[in-house]
Amino acid sequence: MNRFQKLFKTKNSPVLSVYFTAGFPKIHDTAEIIRQLSDSGIDMIEIGIPFSDPMADGPVIQHSSQIALNNGMTLPLLFEQLKDIRKITDIPLVLMGYLNPVLQYGFEAFCTKAAETGIDGLIIPDLPMREYLNEFQGIVQKSGLENILLITPETSEDRIRRIDANSHSFIYMVSTASTTGAKKDFGEDTVAYFKRVKEMNLINPVLTGFGVSNRKTFETACQYSRGAITGSVFIRCLQQTSDISKAVKLLLETLHS
Amino acid sequence: MHTTFHVDSDGYYGPYGGAFIPEILHKNVEELGACYLNIMNSPDFQDEYQELLRDYVGRPSPLYYARRLSERVGAKVYLKREDLNHTGAHKINNSIGQVLLARRMGKTRIIAETGAGQHGVATATVCALLDMPCFVFMGETDIARQYLNVQKMEMLGATVVPVTCGNKTLKDATNEAIRDWCCNPSDTFYVIGSTIGPHPYPDMVARLQSVISEEIKKQLLSKEGRDYPDYLFACVGGGSNAAGTYYHYLENDKVKFVSAEAAGLGLESGQSAATIHLGREGVIHGCRTLIIQTPDGQIEEPYSISAGLDYPGIGPLHAYLAKTGRARVEAITDQEAVEAAFALTRLEGIVPALESSHALGALMKFRFNPEDIVVVTVSGRGDKDMPAYIEQFPTFLKR
Ligand SMILES: Cc1ncc(COP(=O)(O)O)c(C=O)c1O
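First to last, the sequence lines map onto chains A and B. One point on numbering: in the numbering used here, the residue at position 231 of the first sequence is 231, and numbering is uninterrupted. One point on numbering: in the numbering used here, the residue at position 219 of the second sequence is 219, and numbering is uninterrupted.
These are computed hints drawn from the structure, not numbers from a lab. Keep in mind the model is a prediction, meaning the values are calculated, not measured. Cβ coordinates follow ideal geometry from the N, Cα and C atoms, glycine included.
With a cut-off of at most 25 Å between alpha-carbon atoms, the simulated BS3-like pairs for lysine-lysine come out as follows:
no. : chain 1 : residue 1 : chain 2 : residue 2
1   : B       : K27       : A       : K183
2   : A       : K195      : B       : K27
3   : A       : K249      : A       : K11
4   : B       : K323      : B       : K254
5   : A       : K198      : B       : K27
Which residues of chain A face chain B? A partial, calculated answer using Cβ under 10 Å:
no. : residue
6   : F51
7   : A56
8   : P59
9   : L99
10  : N100
11  : L103
12  : Q104
13  : Y105
14  : P128
15  : E131
16  : N134
17  : L149
18  : I151
19  : T152
20  : P153
21  : A177
If you anchor each label on the Cβ, the simulated ranges turn out as follows:
no. : chain 1 : residue 1 : chain 2 : residue 2 : range
22  : A       : E199      : B       : S42       : 36 to 42 Å
23  : B       : G270      : A       : E32       : 32 to 38 Å
24  : A       : E188      : B       : L267      : 54 to 60 Å
25  : B       : F396      : A       : R130      : 50 to 56 Å
26  : B       : G58       : A       : L133      : 46 to 52 Å
So that you can see chain A by itself, here it is in the shape it has in the complex:
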């Protein structure tokens, strides 16, 4: 059983996964952010690999990526920072980043190194299912990592079924047609889509991300899926206070009040 399966098997209440950009706000915050999130009971962490051209991200994550790059974050440095991470936490850890930096590191070398480091999964938003299956699936499977695929309001039922069949961890349900970033509310159409996906009774658990930013959106997400993924809100908390433990508290307050 991988760490994802263990999590979804043992946890009955909603799952909360938190994204942060590695190298933001300071270059060497990575391990400390993971420790604080994990200690505060967060269920899963997505470690963002900064990229110069994050085309699926809104302004908040664009900004954190730019700062992280200016701070000097690179993949080799990130792996160095993560080398003892499994002494700190046992929750699922996911690397999330765009394809190009991964290709330059070497896709296979990247997967091997990530697995060795104790990473459980990958999210590469610009690596769609066909390209993944044709070219990369073998490499990912050999490394023991899980590739996490996304579904969106535009994804057909048939395609959702195929994505489900090719997933072995969870499915990332993008809430709305948008880039990453806060929303105050999920509209009627969004809720109808959440319901539609819920009624499909997929094999894999579903987590809802993009726009989860307050108690309302968090609860709606958890009502229709196994939990929520939040990113931009946490980045904003990190902008508000340089004290990481305070930022994590602020995040939890924001999602629960």
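Fit chain B with the ligand to the supplied structure of chain A, relying on the hints for placement.
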């Protein structure tokens, strides 16, 4: 083995191409891929497209025998005059086609990216003509540099959206257009300005520009008694005017291609946009191709005097033409391009766009046999580049 230079059914030219897009765009891009050929080949589309190319753009563009330039370079040189098109460049061939396609797909909102503003102006023009709302993404740096084109787009009724992320130039404008598309996938059609982006864009844009080589064939036949030249010269930014110039000759080995990319201050200067010379394989804006990037895979800001060649990637077709040796790629510096521009102006009375001047720069450096027949595509006119040329007056206008 026979190598084909046409896109394969998965959207690749050899190892280059594909569709590396976020899931939210999958349906959109898949739909476009499934219908673009049917629509573009339909009589209804062709009638409207051809009529607009003829009566609105002013096609066919002349194939002009440049006598004095020919004497200078020692070959028989023809200029394909895309500079005489409405809006002053080849870009409009593509914009008309894509907006007509968008309408047939039921899309009601047009977005585009632009660097220098040529593609933005062309798309805004077509949207005025066809009464479609148009949003043009443009980096703030480029807005400041190309303010006249911004005002032209506004006069045409388009909304110019200033892009403030990254270096605020073409690559960032493209990111922002893609983000807008992600947010509005059902009603919006993204009119990409070159042979870049996810499949089917590179092929679709190449086909819409292929009118250039279709005309060259007919025009050469009547002028030379044969329908092909020995050499074709074109500049490559993303590669659309070059793709259009080569298209009907891709499989004709008798025709040699020379592509001119922008070397900026020089290949070794760190201030260059010569993607084929300097780039490594990677993925940018939805397609696998050569990219100017750091060892860590961060995309670098290219530099060229010509805003239209200032792109860190290159169309996948051109990456493949270069890799297979089908095209020879010359890196032309700012200085060589400017010299060629002044030379053409004095020899033929034609002020070329700075982009096109790179193709002319490559021509001037080349050694020909006197009987060689050469066609150079003058992709655009130089009006937009007058400030850059005026800066060079002290060098070129002294007696
Ligand atoms: C006149 C002209 N030529 C060439 C280009 C480069 O584009 P492409 O390589 O797609 O032809 C541009 C782009 O703005 C242009 O305006």
